[in-house]
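2 protein chains.
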Amino acid sequence: MKNQTLIQLALDYFDLAPALAMAQAVHNEVDVIEVGTPLSKSAGMLAVRTIKELCPDNLILADIKTPDVGGGEAKMAFDAGADWMTVLGAAPLDTVKLALEEARSRPGKEMFIELTGVRDIISRAEEWREIGVERMVYHRGWDEGNLSRTWEKSDWNTIQDLIGMGFKISVAGGINLNMIGFFKGLDISVFIIGRAIRETPDPAAAAREFRAAIDSFQMGR
Amino acid sequence: MKNQTLIQLALDYFDLAPALAMAQAVHNEVDVIEVGTPLSKSAGMLAVRTIKELCPDNLILADIKTPDVGGGEAKMAFDAGADWMTVLGAAPLDTVKLALEEARSRPGKEMFIELTGVRDIISRAEEWREIGVERMVYHRGWDEGNLSRTWEKSDWNTIQDLIGMGFKISVAGGINLNMIGFFKGLDISVFIIGRAIRETPDPAAAAREFRAAIDSFQMGR
Chain A
1 MKNQTLIQLA LDYFDLAPAL AMAQAVHNEV DVIEVGTPLS KSAGMLAVRT
51 IKELCPDNLI LADIKTPDVG GGEAKMAFDA GADWMTVLGA APLDTVKLAL
101 EEARSRPGKE MFIELTGVRD IISRAEEWRE IGVERMVYHR GWDEGNLSRT
151 WEKSDWNTIQ DLIGMGFKIS VAGGINLNMI GFFKGLDISV FIIGRAIRET
201 PDPAAAAREF RAAIDSFQMG R
Chain B
1 MKNQTLIQLA LDYFDLAPAL AMAQAVHNEV DVIEVGTPLS KSAGMLAVRT
51 IKELCPDNLI LADIKTPDVG GGEAKMAFDA GADWMTVLGA APLDTVKLAL
101 EEARSRPGKE MFIELTGVRD IISRAEEWRE IGVERMVYHR GWDEGNLSRT
151 WEKSDWNTIQ DLIGMGFKIS VAGGINLNMI GFFKGLDISV FIIGRAIRET
201 PDPAAAAREF RAAIDSFQMG R
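Same order as they appear, the protein sequences are chains A and B.
First residue of the first sequence? That's 1 in this note's numbering, and the numbers climb one at a time after it.
First residue of the second sequence? That's 1 in this note's numbering, and the numbers climb one at a time after it.
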């Protein structure tokens, strides 16, 4: 049986209050709630703790994109209530190892590699596979997306290669309803949706539309 | 005349309280106080705001190692009272540009590239120089330092090359009093000291010893 494809709501805010309101409005319609990188720096782990408290039935991802001090930052995020946390793909391999070790020592906790800014994805992926990394966020960066970069066939191919290597892939970066079809043929683990849910008149309804689109994506996969 | 070499105290803590106590104890002896990456995620920008309030005569560096959303994260840090902030060397060039633009729009604010995890430093540095980056933190990562890596002649050479390209260089990563001599011959802009000040019986006295060592380093430079 195929794995269920999950929906993750990205709370890309600088202020905690609107993030909490959005989490409250949408959490019943999504699987995972992400405390975005800017929010995790603006409000700190208070954001993770509060959202876990408000949404105990969701998985919580702390997108802290750890660049160093891997064991300590993973512990900090998990202690605050995060189920999942991210380490930056550009972090030294030692950092990845230490965060992974921390995640493995705690049942249900997972570490993801976050690919923002990584240029040599496949050769790095070989190093990560060797030390036991299982999950990655394939991310077209926010600034890249706003300024220049679109999703391209080369992204599709890289994601296919990573899945072929055995990784579970989350995808993120300006994904809207019309773009779900772009990923057809790929066994995507998690769709991360931000603005296309948040910046709509009825975010819960938008999340339900994504659920329907992703269910039909799954069946055709 | 040569520029004054500055001393920066790195507050590498996960909790705000001991960080504030250390800042209070040492701020008269150092030029710059750094809100470390883990602290900036644990306590958020409250850490920057509070330390700026307690230490108004120091420069404050928010070591947030921005990986994306460069304009927004730079604004967040500067709004909280940071004078300086860091962008990750692995960030997309668009992110560096946007953070730099934000810094330049505000008198006295500066953006640093943070080199943790960057493998192709010199070729990246050429890209950064082209868009106007002036400052960098040359950082032997915490995890690397703890697990394996020492400062080597190749580091010295790379720093010399970067200074030759016109960059102002801060150095960080396990630097203690005995290691100041390692940097002889290099026009270092900022020495970043963490454990070698914090983890001593009298941190203010340790900072004064660094000041003396760095003054004599400067004269012999």
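The set of hints was computed from the structure by calculation and includes no laboratory data.
Here the structure is a predicted model, which is why all the values come from computation and not from measurement.
Every residue, glycine too, gets a C-beta built ideally from N, C-alpha and C.
Heads up, a few of these hints could be off.
[Said to hold, decoys possible] Calculated pairs, DSBU-like style, for lysine-lysine (alpha carbon to alpha carbon, straight line, at most 35 Å):
{"id": "1", "chain 1": "A", "residue 1": "K153", "chain 2": "B", "residue 2": "K109"}
{"id": "2", "chain 1": "B", "residue 1": "K109", "chain 2": "B", "residue 2": "K184"}
{"id": "3", "chain 1": "B", "residue 1": "K153", "chain 2": "A", "residue 2": "K52"}
{"id": "4", "chain 1": "A", "residue 1": "K153", "chain 2": "B", "residue 2": "K184"}
{"id": "5", "chain 1": "A", "residue 1": "K97", "chain 2": "B", "residue 2": "K168"}
{"id": "6", "chain 1": "A", "residue 1": "K168", "chain 2": "B", "residue 2": "K184"}
{"id": "7", "chain 1": "B", "residue 1": "K97", "chain 2": "A", "residue 2": "K97"}
[As the list claims (entries may be wrong)] Covered, in the sense of this in silico footprint (three residues per stretch, anywhere, with C-beta under 8 Å from a C-beta of chain B), are these stretches of chain A:
{"id": "8", "region": "87-96"}
{"id": "9", "region": "114-128"}
{"id": "10", "region": "155-169"}
{"id": "11", "region": "194-207"}
Find the hints from earlier in the document that the structure breaks and name them by number, from lowest to highest. Numbers 1, 3, 4, 6, 10, 11, in rising order.
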